[in-house]
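Numbering-wise, numbering that gives the first Met the number 0 puts 159 at position 160 of the sequence shown, and it's gapless, one number per residue.
Hints were generated in silico from the structure; no laboratory data involved.
There's no promise every hint is true.
Stated by the list, open to error - Derived CB-CB ranges, DEER-like:
id : residue 1 : residue 2 : range
1  : Glu-250   : Ile-91    : 29 to 37 Å
2  : Lys-125   : His-241   : 47 to 55 Å
3  : Ala-158   : Ala-5     : 27 to 35 Å
4  : Glu-183   : Glu-250   : 25 to 33 Å
5  : Lys-133   : Ile-186   : 36 to 44 Å
6  : Arg-260   : Ala-5     : 14 to 22 Å
7  : Glu-250   : Ser-330   : 28 to 36 Å
C-beta: ideal position from N, C-alpha, C; glycine also.
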Amino acid sequence: MFDSTAFIEKAKRELEAIKQNFKEDDLAYLLFSGYFINSQKTAMEKIAAFVNALSTYKNFKNYLIEFYFQKTEKLRLTACYGITLNQNVKYIGISADSQGLLASVLGKQGWKEEDEPAKKDKKRAKLLTELKMKKSIYFSISSIGVLAISKTNKSDFSADEKIFVHNFIKMNLQPSLALALENETNIERAITDQMTTLYNHTFFKIRLKEEATNLQREVGRPLSLVMIDIDYFKHYNDKNGHPKGDIVIKEIAKTLKKQTRTSDVVARYGGEEFAILMPNTHLADATSKAEAIRRAVYDLKFDNEKSQPNKKITISLGVANIPMNALTPESLLERADKALYFSKENGKNKVTIYSTSIEAIKKINQK
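Whole structure, please, built from the sequences with the hints as guidance.
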């Protein structure tokens, strides 16, 4: 839990050390903005709060403020002040060129002023041209991101402005953001399968229950589940060795991610089995997606796959849906699993939708 008393006391001590550089109202602004930023939970919320707070400071109300965040391999514009709603839709999420000015600033000390945007950051250059920005200053937030502040005249930013922003970052954003990212990394490790980077079995079960709870609140909202198993996987492992088998699992995991939406929960359910939870997805749409996934995996190429009984690495899939085939998360999972094993037992490399006829056929075969 956030300890506001401890934070305020710490902030007061830090403010005393730099008091000579600021007026009393600036010190108060730093203190209460810091409290606002630290009270946010996630890294993205902290970044948005930081940009929002900075935009209300007396000197920066008419400036363009951009925050480029590097969570994965690229710097991306994640928060911005000073643009229209249409520009927000157009530019939020744009990436910085790995050889551009923004990337060159990342991890550097101090600040850097430029009259023109780096031409390699083409989308950003277009934004600055649209807004008639003439002068920009850049601050690196360690190796986490880059803050860019721009204005419509070519005069240098004042020493007071530079010192203020530098201390604002140092006191109120950098430590808070670093802690949030560390916490989020730890959470991601706990819910992620390390081999495939898909969600793990535990997280899948949690999300299944959450989505089922949502259905109780929103009657009529569909939920689909696709269960997937690699055909003859033990045979492939025995013939080619576990390292080759791991490659198969990883490549199929990548294909599942490419074929699904960000709202879908794609998990490694165990061993060579996967699960895809599709919120707000009707049975027909889930079945169509399952068939697209089956074809995409069939088109993959793997070493020595001709040694397989069916001469290819293939997958079998089973699909079930709430409310069409089930009413609870437990029955949804059970019935998608039964549909999967019907595919496995009846030729493999196919998609099966759960129906009561599956149960009837199974009972006949058991007689």
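Verification of the supplied hints:
no.: 1; hint: Glu-250 x Ile-91: 29 to 37 Å; verdict: 32 Å, holds
no.: 2; hint: Lys-125 x His-241: 47 to 55 Å; verdict: 50 Å, holds
no.: 3; hint: Ala-158 x Ala-5: 27 to 35 Å; verdict: 32 Å, holds
no.: 4; hint: Glu-183 x Glu-250: 25 to 33 Å; verdict: 27 Å, holds
no.: 5; hint: Lys-133 x Ile-186: 36 to 44 Å; verdict: 42 Å, holds
no.: 6; hint: Arg-260 x Ala-5: 14 to 22 Å; verdict: 42 Å, violated
no.: 7; hint: Glu-250 x Ser-330: 28 to 36 Å; verdict: 32 Å, holds
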